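Number of protein chains: 2
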Amino acid sequence: MGLNSNRVDDFFSHNGNTSVTTVKVSTEITMPAPEAATMEIHTVCLPPKKTTFQKLKHRLSDIFFPDDPLYGFKNQTWCKKLVLGIKSLFPICQWGLEYNLSLFRSDIISGLTIASLAIPQGISYAKLANLPPIVGLYSSFVPPLVYSVLGSSRHLAVGPVSIASLVMGTMLSGSVSPTNEPILYLQLAFTATFFAGVFHASLGLLRLGFIIDFLSKATLLGFMAGAAVIVSLQQLKGLLGIVHFTNKMQLIPVLTSVFEHKNEWSWQTIVMGFGFLFFMLTARHVSMRNPKLFWVSAAAPLTSVILSTILVFCIKSKAHGISYIGHLQKGLNPPSLNMLYFNGQHLALAIKTGIVTGMLSLTEGIAVGRTFASLKNYQVDGNKEMMAIGLMNMAGSCTSCYVTTGSFSRSAVNYNAGAQTAVSNIVLAAAVLVTLLFLMPLFYYTPNVILAAIIITAVIGLIDYQGAYKLWKVDKLDFLACMSSFFGVLFISVPLGLGIAVGVSVFKILLHVTRPNTVVLGNIPRTQIYQNLHRYKEASRVPSFLILAIESPIYFANSTYLQERMLRCIREEEERINENHESILKCVIIDMTAVTAIDTSGIDLLCELRKMLEKRSLQLVLVNPVGSVMEKLHQSNTLESFGTSSVYLTVWEAVGDISASWKPQP
Amino acid sequence: MGLNSNRVDDFFSHNGNTSVTTVKVSTEITMPAPEAATMEIHTVCLPPKKTTFQKLKHRLSDIFFPDDPLYGFKNQTWCKKLVLGIKSLFPICQWGLEYNLSLFRSDIISGLTIASLAIPQGISYAKLANLPPIVGLYSSFVPPLVYSVLGSSRHLAVGPVSIASLVMGTMLSGSVSPTNEPILYLQLAFTATFFAGVFHASLGLLRLGFIIDFLSKATLLGFMAGAAVIVSLQQLKGLLGIVHFTNKMQLIPVLTSVFEHKNEWSWQTIVMGFGFLFFMLTARHVSMRNPKLFWVSAAAPLTSVILSTILVFCIKSKAHGISYIGHLQKGLNPPSLNMLYFNGQHLALAIKTGIVTGMLSLTEGIAVGRTFASLKNYQVDGNKEMMAIGLMNMAGSCTSCYVTTGSFSRSAVNYNAGAQTAVSNIVLAAAVLVTLLFLMPLFYYTPNVILAAIIITAVIGLIDYQGAYKLWKVDKLDFLACMSSFFGVLFISVPLGLGIAVGVSVFKILLHVTRPNTVVLGNIPRTQIYQNLHRYKEASRVPSFLILAIESPIYFANSTYLQERMLRCIREEEERINENHESILKCVIIDMTAVTAIDTSGIDLLCELRKMLEKRSLQLVLVNPVGSVMEKLHQSNTLESFGTSSVYLTVWEAVGDISASWKPQP
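Sequences listed follow chains A and B, in order.
Position one of the first sequence corresponds to residue 1 (full-length UniProt numbering), numbered consecutively onward.
Position one of the second sequence corresponds to residue 1 (full-length UniProt numbering), numbered consecutively onward.
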């Protein structure tokens, strides 16, 4: 029991603060160390028995349904279940019934605000993907409408995004030239969008959404920064007015190309480009300093487009160096079902592009949805969102749209502008509709350089150096994943940079399992607590015992290492005992609290260790094995060879019981 | 303190068995639950500070030098260090100095015993690798000599092995035909052996030996069984006397080929083959039943060779259906340095073959060495063994030998025959020398069918169905890895089958990290112990508290899952409280003992969870975070936002302190 006089004294000196009723304790209590006769030793029991089928069922439900999504359906009538089902599949039925005028007012304002951003960005991002600019506007019309019916997030603003546009442009133009074969390129873009949608929807349907968890935030940070740098470099073509430019994306080819074609630099383009770029960056900076002025950075792109169009219109006869968009046809999205490309030599390319852009757009969309949901304290079901985004892209691919998702910058503007529901997306779609039907001729003289400036302003925000510094401070391996992603994208290629980063992240997990920590525990005096000796200076060793804690599951990947490590610990302990002339080592206790799983190699390790130690007259004791470990020890008959006197519930009980058994019986 | 009258009664009733000196305790002690004023609350401290460089150095030494191999060199004179160094590099210097006549007697017997096995097996395995039979004998001469100087294991018997021969034969004959281009094939085989040796030696030198730990025992069990079945099927060609046979290895093509060429079956070959096969299997069965009769199965192959050669010699005019080896040149290994193939179109094939056969042979050799070392209680340094096996293969590739390693069956015979040191390998080499110089003409009439029968007898032992059944009983995922390895090898291809199995094993690790267990803890009455409620029936919940334990590190791969899981636990707990009208939930405690690592995604999870719970008026408390987790919490400033009153050393202290803080202060 370990009650000593100090604690009792403490108890009495604070008597006034306790609510003790009956105490008749003398001040002199000297009680012995825990002894078997007085100490209650608890048996370590096996977990409740389950058949293999039950275990498999439990495991599968844990993998695919961790949040128990059907819990709301329990104990309901059939009619109610049907209503709940419809509301679940079409969230618009849920918030639509509670809609009112004040919500509508907020949504109109936010919808128009994001429309002012979406229209210039849509045109710019389409050029980033080497697609006709009008496709960017089509992609800001149909997808938001589909999302508003099926999506769960209230703040997600849907449309084309920079990274997916870049990746699609890169991957497709590697095999098919957008200038020489524009029809084929367009077909492949729509087909890739279709496959991206299929990919999203199947992940959502099969509840495999956890796959995107493997793209950690650190990885994405580096990836997005690298992609942002690449996108900005690509815009040097538009900013400087160069005509002949490299097809490659990477840093070195692009810089080489920029300086090789110095003769093509057009000073008018440069002046206009950098001028408006400076204007938009300033507007962005103002909004960042004062979040209430979010509309400043939201309105800046559209303002720049209007001003530059007017400028070019005025000086069009003298401004030969400045290229402009030209004719954009009026009218809504033409159907593009016939353009989907399902057989031919480029099908594999379309599928690959679809999956890569699908993965990136999904990650961004889900992350944005979750971020704003946690800010406003509502839940977003990841798998349902994936289905919504998937169906949105599938519908988009049949109506001349390319890959779209929720964009972070646009959703942030949406949030700051006070959006309440997905109706802001409907308002956005309406504004784009008006633009498509009536305002297309106004974009005739819009210079391409302004689109380049808009893109640079948009992606600059993706370079989160503060986040990278935080990673360096907190977790060096995460920082390594971030940097490998960044440099991989910058110098090798976009998909490969992402692949390298995922590899570093998985390697981190495997390294931790393959080389786990083993610590030596000591007792904190006057308590039943055993803690790491190196960390807690007050902890002290227990004579004749060596208490080790293994901090990981014991698998094939680390059993050999653990064996060597433990033998080395024992050897070093015996040397230390020899040097300090302490009582000899008699018992090795392994605290298995953190050994959360074991496999057959781990069981073999424990058996071998026990035999080795037996030959050296050392007793091996296991403490607090978790349920599954206990079960495997039992099934492999290892528990019998260890004996019940070698498995204890706590280190305290093990030390007490074994010490007592060494004392000579009177 | 929780001392109640029951325990005191127990104490007094066993008074006679204690060694208490002074007790003046009244029988009526009613003490309150632990209160802040009386209970000693320990602060959770940060681990000792280390610079990034120190941490990196510690990590690298842990990865590469877990067994501290240079510990014997500390505090020694230069002269002694030199001697220790030489003994370490050339173990023959160590045991050679203590050699005596009785050891020599044991080694001669065991050496001759394994020679009787090695000679027929060497010829057979070389045919398995599509190499001239004499190369198998060469490979039983030089490699054992090299190993006896450099190797650390006392019982390892070195020579060609079935699996590596099969894999080499498969991979090389896929591109180069051994019948049409024998010289090129031989060149590639020696080059592959050279690269295998380089692979072994570099793993050993760079202390990267832990890589082979990724081939778990379960994986290898399935792989070797599958390879054994494939090898046996291949021998149907020799057993049935078929001339035209498929090049493929897999089950279906082989069986098809066997039945397609039924007309080529030769009854004399079949009779002789199955007769001697039956004889050798019986001898093997006898030795397994009675280990003292190990020499029966060791002598059977050589006896069969002798008997069958005599038989064919006698009936050679009438036995047209039986093919025999033919002429084998006398003489020692010719040097083959000039045959090494370092540039040309097949270099990649040679390197790939070298690495795959190297990996397999290394795994078998190291596993065998460790098995016998643990039986006889001596240590074998894995990395040193790898260097020995590597140099052995590099030397072999320059002296007309192909890939060799320690074989399990031969080493078992060596062990049972009483080998004491590596001199048994020298005796083996001497016997092979005698054979090469004088006995080659005796093999002229040895029928090929006998070689097929010898191979089948040898590999039959690799099919360990008892081991597979044990895997099924103990660990289903290990069994899955075993079966995928087995069927992959049988139906797809040998390297791919191994690759699939390694993939399943790694997937097992990742699955455990991505979907960790979370358990609800309850208090075992009258103790400070908190255990899994579902497992320990006596554990009971603590009112107003929800105590969760997370059983894995918190990484990017599982942070989303953990968030959903914990929110679900909280929701279910609140529903349960509502149904049973218990006191409302006020505090959620997370036991972080088994959370052995955390990354930035995990830290974000904890922060988000805290904010979410704060909005629901729930307090979040962390208990017993390990050193590295504590450090990261501190560096990311999360510890400050949690506050010192939200981190405790044990659940007991947390519950006590927080309960006390809720009681109204008088």
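Derived from the structure by calculation, the hints contain no laboratory data.
Source: prediction; values computed, not measured.
From the three backbone atoms N, C-alpha and C, an ideal C-beta is built for every residue, glycine too.
Heads up, some of the hints might be wrong.
Here are the simulated distance ranges between beta carbons [as the list claims (entries may be wrong)]: (1) B/Ile492 x A/Leu496: 25 to 35 Å; (2) B/Gly344 x A/Val243: 39 to 49 Å; (3) A/Gly96 x B/His58: 53 to 63 Å; (4) B/His534 x A/Lys615: 18 to 28 Å; (5) B/Leu60 x A/Glu640: 37 to 47 Å; (6) A/Lys615 x B/Leu206: 51 to 61 Å.
Once the Cα atoms are required to be at most 16 Å apart in a straight line, the calculated EDC-like pairs of lysine to aspartate or glutamate come out as [stated by the list, open to error]: (7) A/Lys470 x B/Asp604; (8) A/Lys87 x A/Asp464; (9) B/Lys217 x A/Glu631; (10) B/Lys473 x A/Glu631; (11) B/Lys476 x A/Asp657; (12) A/Lys476 x B/Glu631; (13) A/Lys473 x B/Glu631; (14) B/Lys74 x A/Asp381; (15) A/Lys376 x B/Glu631; (16) B/Lys473 x A/Asp604.
Quick rundown of the hints versus the structure:
no.: 1; hint: B/Ile492 x A/Leu496: 25 to 35 Å; verdict: holds (27 Å)
no.: 2; hint: B/Gly344 x A/Val243: 39 to 49 Å; verdict: holds (46 Å)
no.: 3; hint: A/Gly96 x B/His58: 53 to 63 Å; verdict: holds (60 Å)
no.: 4; hint: B/His534 x A/Lys615: 18 to 28 Å; verdict: violated (39 Å)
no.: 5; hint: B/Leu60 x A/Glu640: 37 to 47 Å; verdict: holds (41 Å)
no.: 6; hint: A/Lys615 x B/Leu206: 51 to 61 Å; verdict: violated (33 Å)
no.: 7; hint: A/Lys470 x B/Asp604; verdict: holds (12 Å)
no.: 8; hint: A/Lys87 x A/Asp464; verdict: violated (38 Å)
no.: 9; hint: B/Lys217 x A/Glu631; verdict: violated (20 Å)
no.: 10; hint: B/Lys473 x A/Glu631; verdict: holds (11 Å)
no.: 11; hint: B/Lys476 x A/Asp657; verdict: violated (36 Å)
no.: 12; hint: A/Lys476 x B/Glu631; verdict: holds (13 Å)
no.: 13; hint: A/Lys473 x B/Glu631; verdict: holds (11 Å)
no.: 14; hint: B/Lys74 x A/Asp381; verdict: violated (60 Å)
no.: 15; hint: A/Lys376 x B/Glu631; verdict: violated (31 Å)
no.: 16; hint: B/Lys473 x A/Asp604; verdict: holds (15 Å)
Consistency note: the structure conflicts with the earlier hints numbered 4, 6, 8, 9, 11, 14, 15.
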